[in-house]
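In order, the protein sequences belong to chains A, B and C.
The numbering of the first sequence is my numbering, which starts it at 13 and goes up by one.
The numbering of the second sequence is my numbering, which starts it at 81 and goes up by one.
The numbering of the third sequence is my numbering, which starts it at 29 and goes up by one.
Don't read these hints as lab results, they were simulated from the structure.
Note that the structure is a prediction, hence the values are computed from the model and not measured.
Be aware that a few hints might be false.
Computed footprint of chain A on chain B; a stretch qualifies when at least three of its residues, placed anywhere within it, have a C-beta under 8 Å from a C-beta of chain A [what the hints assert, rightly or not]:
#, region
1, 98-107
2, 116-123
3, 308-318
4, 337-344
The calculated lysine-lysine pairs, modelled on DSBU-like cross-linking and capped at a C-alpha distance of 30 Å, are [stated by the list, open to error]:
#, chain 1, residue 1, chain 2, residue 2
5, A, 267, C, 261
6, B, 329, A, 352
7, B, 118, A, 38
8, A, 473, B, 269
9, B, 118, A, 392
10, A, 338, A, 450
11, A, 267, C, 135
12, C, 261, A, 279
13, A, 163, A, 338
Think of the CB as a built atom: it goes at the ideal place given N, C-alpha and C, for glycine as much as any other residue.
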Amino acid sequence: MAKAKSNTLKLNFDTSWSYAPAPENKSAATIKKQYDLFINGDWVKPSGNKYFDTINPANEEKLSEVADANMADVDAAVKAARNAYEKIWKKMPAKERGKYIFRIARMIQEKARELAIIESLDGGKPIRESRDFDVPTAANHFFYYAGWADKLDYAFPNRLSEPLGVAGQIIPWNFPLLMAAWKIAPAIATGNTVVLKPAETTSLTALKLAEIIQESGLPEGVVNIVTGAGATGAAIVNHPDINKIAFTGSTEVGKIIQRAIAGTNKKATLELGGKAANIIFEDAPIDQAVEGVINGIFFNQGHVCCSGSWLYVQESVAKEVIRKLKDRIESLIVGDPLDKNTDIGAINSRQQLETIDKYLNIGKKEGAEMYQSSCSLPGKGFWCRPTLFTNVAQSNRIAQEEIFGPVLAILTFRTDDEVIEKANNSPYGLSAGVWTDKGSKIFNMTRRMRAGVVWANTFNKFDPSSPFGGYKESGFGREGGLHGLLPYLNLIN
Amino acid sequence: MKRSESLFAIPDFSLSPRIDQVGAEERASRFTKRSIKKESKLNGLKLVLNMIDLTTLEGKDTEGKVRQLCYKAMHPHDAVPGIPTVAAICVYPSMVKVAKKTLGDSGIKVASVVTAFPSGQAPRDVKIRDTKFAVNEGADEVDMVISRGKFHAGDYNFVFDEIAAIKEACGDARLKVILETGELGTFDKVRRASDIAMQAGADFIKTSTGKIQPAATMPVTLVMLEAIRDFYYKTGRMVGMKPAGGISKSKLALHYLVMVKEVLGEDWLNNHWFRFGASSLANDVLMQIVKEKTGVYQAANYFSVD
Amino acid sequence: MEKTIKKSSLSISANGIEKKTSSKRLEVLKTYKIYIGGQFPRTESGRYYIVRNAAGTQLANVCLSSRKDFRDAVLAARGALSGWSGKAAFNRGQILYRMAEMLEGRKAQFIEELMQQDSTKAKAEKEVNLAIDRLIYYAGWCDKFQQLFSSVNPVATSHFNFSVPEPTGVVSIIAPQADSLLGLVSVIAPVIIGGNTCVVLASELKPLCAVTFAEVINSSDMPGGVINILTGKPGELASWFVDHMDVNATIYCESNSDIQKMMREKSAINVKRIVFYDKVKWNTNEGQSPYFIMDTQEIKTTWHPIENIAGSGAGY
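Could you put the whole structure together from the sequences, leaning on the hints where they help?
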């Protein structure tokens, strides 16, 4: 009797007691009407005198306009970086270098609230994430690498090291400030100088960081920030006086960069796409696993290269896990990124939303069952309900390709060997997750999964001291931790 | 129902789901990120007040003290209109009669702690008599403690049978089963004890006696709420939740409310299925309600102690 | 004019037919085959090329391996990967040590082959000795480099976090043209001791030692497929070495900038790791270090929650 009933039971999350809007106060942040390029410690007009709009993806309103750097601007930035490298930065005592970086870390902390607001306005991510994750982690990253500056002799056994020179760095739109920190902090701590290009839809926090850098008194030209789209990035990649390219973004663009720098002496670090398998065994702590899956896929609207977009559930607990996931997404709040209660903000751009919608249609056509939460969406802006696909086959495109949105594909498995084979059956190898209460199984799984970051009984955790980066087509080189130093150094015998 | 008589219907409690502590704590802390403002705050505070089991469990309790507390329960703060009463008064068995009499037809329930509260170290027949006494005196609800020693020794049958026996002794009174989570040691054991209690017939599961630290925490309450949800899905039977001890501030109580809302939803968001076991929480909630209504921060001197 | 293969005491033609009439015993010539999956097949293409010494004397007919041989070798290497990388590091070290033992036992043969290929006795001896010692050097690293390059990372949350090196996978190697034995050993050893498997193209001009070295490998408990050795022309095969989707990394030891550029371009096909060793002096200490091992290692970082660490919050 009870059994039959249990299939129809449903919890009601449409509660009479609900949360009032709790928007963060926009006026705590200052955004200029127009941003120029940050070259050689100063704000410089783009030589083509072109600017492009940056909008708030939550309401499509213009926030500011940003300079579009052309080849001449990039060249000026590289010259400034080269000059700063040769004349100042590589000669400066390492501990002084470190102190500048500590200072930047502190100033990010001081302006944390403002940075968080701008990050959410410009990129659409919920303020809870930019406030509690992006901004503090960015500051921590500077703090971590600042300390390395004068300790590099201890980092590599039996080797000394020297900086590479000028690093060209191109970062994506999903964690704008944090990625800038991931790139700039290790580069300048190891004695390199930097030309960084933020993504064109999310330039503002990088420019705000430029203001902080200016205020910190960092020598002119050590960090240069040029804004623009693909052409600006190409100008950096192809500039002959750049020694190192560090790129985070799509595998497609990563491959173009790999080809472009062939025949040069440029070193590269590529942090590319991913499609992580998150594996739940029947003996897992199910409720924490469900929460880990939720964080794994809905963190930052699923705009995360290491997101756990591929859920493998052991068949014996699949029903339970799916029911819990369905319940859980009912309590996710989609809406105004500046509202402190928002769990899922706006999709970063119209283009990205179209990509996600395309995959939702593909998924349905392929015969997978789509389930979306019943939440309401704002009228304007770019939005996507948290989405689950069940009855997914491994050959389905939604199980193969990177959707980069709040969309989870759920597959089932029976044995350990089966799931490890399937999880590794991907050209990507950035991250993976495994949930089980059995210690030996954890070590077996984490060892056999071909991925650069493996989360066991947790997911989507990041830390400045923890190396991050991929196997296979997810790129090479590591960012974070001791291992994040090497991509910016030559070792000397 | 004895466990031994229905061996096939009752799960092996050593197989209760495992809980990852860090994950549970992370999830619990996520609830505290909800920002509760304006009308949502006011409504939440009223709901909290209405869920309180106003408690006095001291050796020095007197009829006079209990009568005052009952009056407070019925008239928390008459200076401001529209303020609800608390859910229940929670006292020792010897105080049930006077509480019942004072509360009259106010609708406020009388709960009594039983079974050699707080240690539970007494023979079963004593515990049963303790329970029957409280019920005969008029208790609407009975808060028992489980035998933690037997539980730690792995004698789950004993714990199960004891709860079932007390449930039988309760008659129509609702049974709250106190796990005393501060003595259980791990979330795995909290989950296991929750499963035993619900399976044995508990109407409520409750974290703590309030005599042991730590008492209620958000993570431990989360683990129990999730056990309630799983039990509901398995059997269709609703079980109530009562965190007790350590919740003295409105803000924390609202976080608990958020947790109930997001784990169990609408059906549990009322004092039939959710209670706070607390003594000083009520006044803090009252101060916050008045602050919300007047816009002025309040001082304790303007709110009666009892 | 027909050049002849010069062997220690006899002159015979390339097709092995005795020219001189002699009452002395006819020497049995060695057929130089390739080494794939623990077997010694001929190239599937049936092609060969003639190896000569500096004076132009023909030394042997050697397999001119084709892209299909390479494909078969990659298949063998991929097949051997999980078994090899799954072996205990200690065990891999023992096998490498065994290889050194086998090489030591056949020292004379290698010296002779090197001398045939224009080395002097002293130089040849030195090269073989160094090659043996290099195997011993890396045998010793098998269960140590992980300790050197691992880290336990003090993350701020309640998690245990550690990073360890792991093999990249299947590595294709175009071995150095000079130092035909020492160079070969020096590039293979660091790749395989880290748990990778490999396909190696031997020195085009001096391939004899490579094939003989395959026999050493084959007699040293090394599972088939871990090391696969082809002979042939880099000019023909280099692009296949880097174009294959099932190869994870490519090592190239020459300074041909066209080939280097081509390799880096083609490596984009599957974001292959490309390593150039064009400036390494293999006959010095510079030719050995644990950093060579790390060139074909990935870093894996693993997270797991820890209960009750200080600062984990509510505790219970």
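Hint by hint, here is what the structure shows:
no.: 1; hint: 98-107; result: holds (count 8)
no.: 2; hint: 116-123; result: holds (count 7)
no.: 3; hint: 308-318; result: holds (count 7)
no.: 4; hint: 337-344; result: holds (count 4)
no.: 5; hint: 267(A) to 261(C); result: holds, 28 Å
no.: 6; hint: 329(B) to 352(A); result: holds, 21 Å
no.: 7; hint: 118(B) to 38(A); result: holds, 19 Å
no.: 8; hint: 473(A) to 269(B); result: holds, 27 Å
no.: 9; hint: 118(B) to 392(A); result: holds, 26 Å
no.: 10; hint: 338(A) to 450(A); result: holds, 26 Å
no.: 11; hint: 267(A) to 135(C); result: violated, 46 Å
no.: 12; hint: 261(C) to 279(A); result: holds, 28 Å
no.: 13; hint: 163(A) to 338(A); result: violated, 49 Å
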